[in-house]
Amino acid sequence: MTHKETILVWLPSPMGDTILATGALRALRAHFSQASITYYGSDMTRQLLTPCPWYDAWLEQTSPIKAISRLKAHGLTQVIFFKNSFGSALTCFLARI
33 MTHKETILVW LPSPMGDTIL ATGALRALRA HFSQASITYY GSDMTRQLLT PCPWYDAWLE
93 QTSPIKAISR LKAHGLTQVI FFKNSFGSAL TCFLARI
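If you want the working numbering, it's the position in the sequence shown, counting the first as 1, plus 32.
It is possible that some hints are incorrect.
[As the list claims (entries may be wrong)] Derived CB-CB ranges, DEER-like:
no., residue 1, residue 2, range
1, 55, 98, 24 to 32 Å
2, 65, 97, 30 to 38 Å
3, 101, 74, 15 to 23 Å
[Unchecked claim] List time: in silico DSS-like cross-link candidates among lysine-lysine, alpha-carbon distance up to 30 Å:
no., residue 1, residue 2
4, 36, 115
5, 36, 104
6, 115, 104
7, 98, 36
Rather than coming from a laboratory, the hints here were simulated on the basis of the structure.
Computed from a predicted model, the values in this text were never measured in an experiment.
Just so it is clear, CB atoms sit at the ideal spot from N, CA and C, and this is done for glycine as well.
Kindly generate the complete structure, drawing on both the sequences and the hints.
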């Protein structure tokens, strides 16, 4: 039985960082073509990246406490951070990703 990867991509908040990450986002989709990729970011980031063929789902960024339960519910198997913060790493750790 093959287990489908479900990847969370935690996007950066600043607009410039998001623009610079687009090449890496494209490469992630190419490398993980069979995986389900979910982006996690702000509404501004979503507007900047829409329409975009590189993700399957989007989760709107919320408070860390709310995010933990939302992330747990999605059955994510791994996370890729484009945001360098202890809070984002702790949130994913507590969500058991």
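Which earlier hints turn out false for this structure, listed by number in ascending order?
none
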